[in-house]
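Q: So the protein sequences, as listed, match chains A and B.
Using my numbering, the first residue of the first sequence is number 948, and each one after it goes up by one.
Using my numbering, the first residue of the second sequence is number 948, and each one after it goes up by one.
Calculated from the structure, these hints are not laboratory results.
Take these hints with a grain of salt, some might be off.
Claimed, not checked - To spell it out: a stretch of chain B is covered by chain A in this simulated footprint if at least three of its residues, at any positions, have a beta carbon under 8 Å from a beta carbon of chain A; those stretches are:
#, region
1, 1120–1126
2, 1136–1143
3, 1272–1278
4, 1326–1333
Said to hold, decoys possible - If we take Cβ atoms under 10 Å as the criterion, some of the chain B residues that face chain A in the derived model are:
#, residue
5, P1021
6, K1023
7, S1024
8, E1052
9, Q1131
10, Q1208
11, D1218
12, S1222
13, Y1395
14, P1398
15, Q1400
As the list claims (entries may be wrong) - Over the 12 Å line for every Cβ pair with chain B, so calculated as not near, a few chain A residues:
#, residue
16, D1086
17, P1117
18, V1214
Every value quoted in this text rests on a predicted model; they were computed, and no experiment measured them.
Just so you know, even glycine gets a beta-carbon here, dropped at the ideal spot from N, CA and C.
Number of protein chains: 2
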Amino acid sequence: MILGLLRAKRSLPAVLALVLSAAAPALADVPGKEWSVSSFSLDNGMQVVVIPDHRAPIVTHMVWYKVGSADEPPGKSGIAHFFEHLMFKGTANHKAGEFGQKVAEIGGNENAFTTYDYTAYHQTVTPSALETMMTFEADRMRNLVLTDAVIGPERDVILEERRSRIENNPGALLNEEVDATLFQNEPYRIPVIGWMHEIEQLNRVDATAFYDRYYAPNNAILVVAGDVEPDRVKELAEKTYGKIARGPDLPPRIRPKEPEQNTKRTVEMTDARVSVPSFSKAWVVPSYQTAKPGEAEALDLLSEILGGGNRSRLYQELVVKQGIASSAGAYFEGTMVDDTSFTVYGAPRGEAGLQQVEDAVDVEIRRIIKDGVTADELEKAKNRFVRSMIFARDNQASMANIYGSTLATGGSVADVEQWPDRIRAVTPDQIKDAAAKYLNPDRSVAGYLLPAQSTQK
Amino acid sequence: MILGLLRAKRSLPAVLALVLSAAAPALADVPGKEWSVSSFSLDNGMQVVVIPDHRAPIVTHMVWYKVGSADEPPGKSGIAHFFEHLMFKGTANHKAGEFGQKVAEIGGNENAFTTYDYTAYHQTVTPSALETMMTFEADRMRNLVLTDAVIGPERDVILEERRSRIENNPGALLNEEVDATLFQNEPYRIPVIGWMHEIEQLNRVDATAFYDRYYAPNNAILVVAGDVEPDRVKELAEKTYGKIARGPDLPPRIRPKEPEQNTKRTVEMTDARVSVPSFSKAWVVPSYQTAKPGEAEALDLLSEILGGGNRSRLYQELVVKQGIASSAGAYFEGTMVDDTSFTVYGAPRGEAGLQQVEDAVDVEIRRIIKDGVTADELEKAKNRFVRSMIFARDNQASMANIYGSTLATGGSVADVEQWPDRIRAVTPDQIKDAAAKYLNPDRSVAGYLLPAQSTQK
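Between the sequences and the hints, there should be enough to build the whole structure, so can you do that?
A: So, in structure tokens, the structure goes:
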């Protein structure tokens, strides 16, 4: 059993990021598309999405809860991720580990992850085991046994996870403080895994309150992709999840918003464990949920043109042409409930210094603000987005991820399906305008990771 | 009628800061002291403190509520201060303005202020008017008429207050973002006046919820100083405040705490309205409420020796001796519920640059960390604290402020009375240890206020 904490920002693997944001064109664009996505709701409010794919006799079963770390009460950071761990404990009907054992027995695999905006559980198994997966998953939605004897040891596990992932990793510690400096009011300023001193205090009362509030069918989305038909999924869903009573109605996810930023901020971490310096620079920008029409799509393409992989301007200019950087790029976290971040980054190579790399990144940003992008490179970026969906199509779990993350952040099935057309519609001027509006060098938040001997970046 | 927002940090006038933190020795140290402070509680839980002072026929009447901006719900910044304004509106028994008119008629004065941790209302009047003040003040504790017609126009007043005090003041805007960068989890990161976009959304529902929760005798402290005896205050208090029903019990004021800081952070504001550059550098440190025994006293004396006025090291070295700074100093905000800030600051003079001033400040900090302070300068700092209470004694409102702010942040009458002895007990080693423990140059948060033409500090 692998438990996962998916920190959507920065640690999101590039490939998955691409898949999550760029895979959707598959549905609308590919001649003879193989998917016809069905969506419906159960009587208790649980949303269901079915993505049939009969190329192989496997099925991916996911349940997404519309709750993540950004929904945690003040002072209780880490409870969403902690709860993800607790979902692998015993229920009134099954001992701890029984579900995982069953998955292993039939040669399947399972995982779970927590982000700012959602928590998801999934198994990939043979179609004949789907009903069993649903039965177990429905069971733990409401029947967990949350005693102090369960909570205490698992809290120690989480504390150890934080030690190994964050405390032992200067870059991770720096990122936490950069996030908290970038977001001064939104809950994205708080790490998904939680702050050590707050995790230490999490207890049974917190866990029970969280479970009772958020783990209910009307706050969940079932996504099934693979070798199964919608009618069969519906039948099984009604038989399993459909038996669970609707939970209390949850208010809209209205969270504190960022105030206007008037300053340029830096966060500097000097640590003996760092051998090569690096920097990142971030801005608060709209997400797909908060943007005006077309703006999030423009930011997505801007990140692709500026720093999305080896064809991007930053990589070509800094790594290939000037040879001053070992890495340079940009990314945009679009699939979020609230305003999100746009980030550029780089690390020097050879004789080059960090400042030189940062200056070169700034030059590329200013060049886009001043001159925009060419129709040709925009077209190529759009095509790269379209091509990247090939990866998604080849993996039913990727398709399930796209629908699950979109729906869990407030989007719809139609949003996913119309996304390729919205990407196609972006003009070079929109890219230039987005860069000029959001990537203001005097309003940025930069993080510097420096070796101990360095006195100055 | 002057409505006040007392931003405890930075904008606190130096004189009042001195009075608030240093006046207490009066009570224990001065031979033939004129005050004998009484304290008791009413049956409904309202605390009462009486500080008789018969030198002049005036009396200061204050009511302190144990609620400030740090108690606001997420997303509702500014409601505590907004509510302070609403307290000057009409009640079921008196029209808006009637209370103020009465104060003016009898030649008194009144004011109110809101901080992170408390909100206070006070009037200074002749003793014969005390009962009238209590009657009015008790009335508005529970009988305010909170309609949309009252709320809407007052919200416009607050928005205008924010525009004139903050938006038109680059230094104030910078301080807000420095605070939000220094405090990444504690509510002190949020400005007392509130963020513009959140003030705009405050409404009748928010105001009513806030009033019903926090404005009750069991969350209030009555402080009366001046030409009156405790028995008379008790009699009047029972007749007025004593008639108000106890409100719902409030949970302890347990707020999110800061995570460990691992970085050095900067916040830079460049603005055409700035003519002379300046900087501040701050650290999160314990307050009198959160410190281990003696630590807050050591921080208080450290701030005094390092940068408390013209006799301090920073002033003597940078302004007088080197002549590179027009100002330089330090301050510590000790009277707070949670961990607070210790700040140093400076501005260059003549040919000197900002970096030169910052470096010189850092030299003085490192000198104390390395060599500590002398017994002689510590003794003098203690004596300055003692002497400064002369100002407090001369002003009954200052005495009322000391008791009110101490009690409203979780301290006791005994804390105020024992404070001089605790200050006396601080050793040079404790000062050195406090500097070494808290003023780490690699973990600071610096703010830079720069003229528009400057490219580099």
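Q: Each of the hints needs a verdict: does it hold here or not?
A: Hint by hint, here is what the structure shows:
1. Judged by the Cβ-Cβ criterion of 8 Å, the region 1120–1126 of chain B is covered by chain A as claimed, because 4 of its residues qualify and three suffice.
2. Closer than 8 Å: that is the beta-carbon criterion, and the region 1136–1143 of chain B has 4 residues meeting it against chain A, so the requirement of 3 holds.
3. Interface restraint, the region 1272–1278 of chain B with chain A: violated (0 residues with C-beta to C-beta distance below 8 Å; minimum three).
4. With 0 residues having a beta carbon nearer than 8 Å to a beta carbon of chain A, the region 1326–1333 of chain B misses the requirement of three or more and the stated coverage is violated.
5. The restraint placing B:P1021 at the interface with chain A holds, with a minimum CB-CB distance near 5 Å, inside the 10 Å limit.
6. With a least beta-carbon distance of about 9 Å to chain A, the hint placing B:K1023 at the interface is held under the 10 Å criterion.
7. A least Cβ separation of about 8 Å between B:S1024 and chain A falls short of the 10 Å threshold, and the interface hint therefore holds.
8. Interface hint status for B:E1052: violated, as the beta-carbon distance to the closest one in chain A is roughly 42 Å, over 10 Å.
9. At its closest, the beta carbon of B:Q1131 sits 4 Å from a beta carbon of chain A; the interface hint therefore holds under the 10 Å criterion.
10. The restraint placing B:Q1208 at the interface with chain A holds, with a minimum CB-CB distance near 7 Å, inside the 10 Å limit.
11. Hint on B:D1218 holds. Least Cβ distance to chain A is approximately 8 Å, under the 10 Å limit.
12. For B:S1222, the shortest C-beta to C-beta distance to chain A is roughly 18 Å, which exceeds 10 Å, and the interface hint is violated.
13. Here the hint on B:Y1395 is kept, as its CB sits about 9 Å from the closest CB of chain A, short of 10 Å.
14. For B:P1398, the interface hint is violated, the least distance from its beta-carbon to any beta-carbon of chain A being 14 Å, above 10 Å.
15. The beta carbon of B:Q1400 comes no nearer than 14 Å to any beta carbon in chain A, farther than 10 Å, and the hint placing it at the interface is violated.
16. At roughly 34 Å from the closest C-beta of chain B, the C-beta of A:D1086 stays outside 12 Å, upholding its exclusion from the interface.
17. Here A:P1117 does not stay apart from chain B, with its beta-carbon only about 8 Å from theirs, under the 12 Å limit.
18. Some Cβ of chain B comes within 12 Å of the Cβ of A:V1214; the nearest lies about 5 Å off, and the non-interface call is violated.
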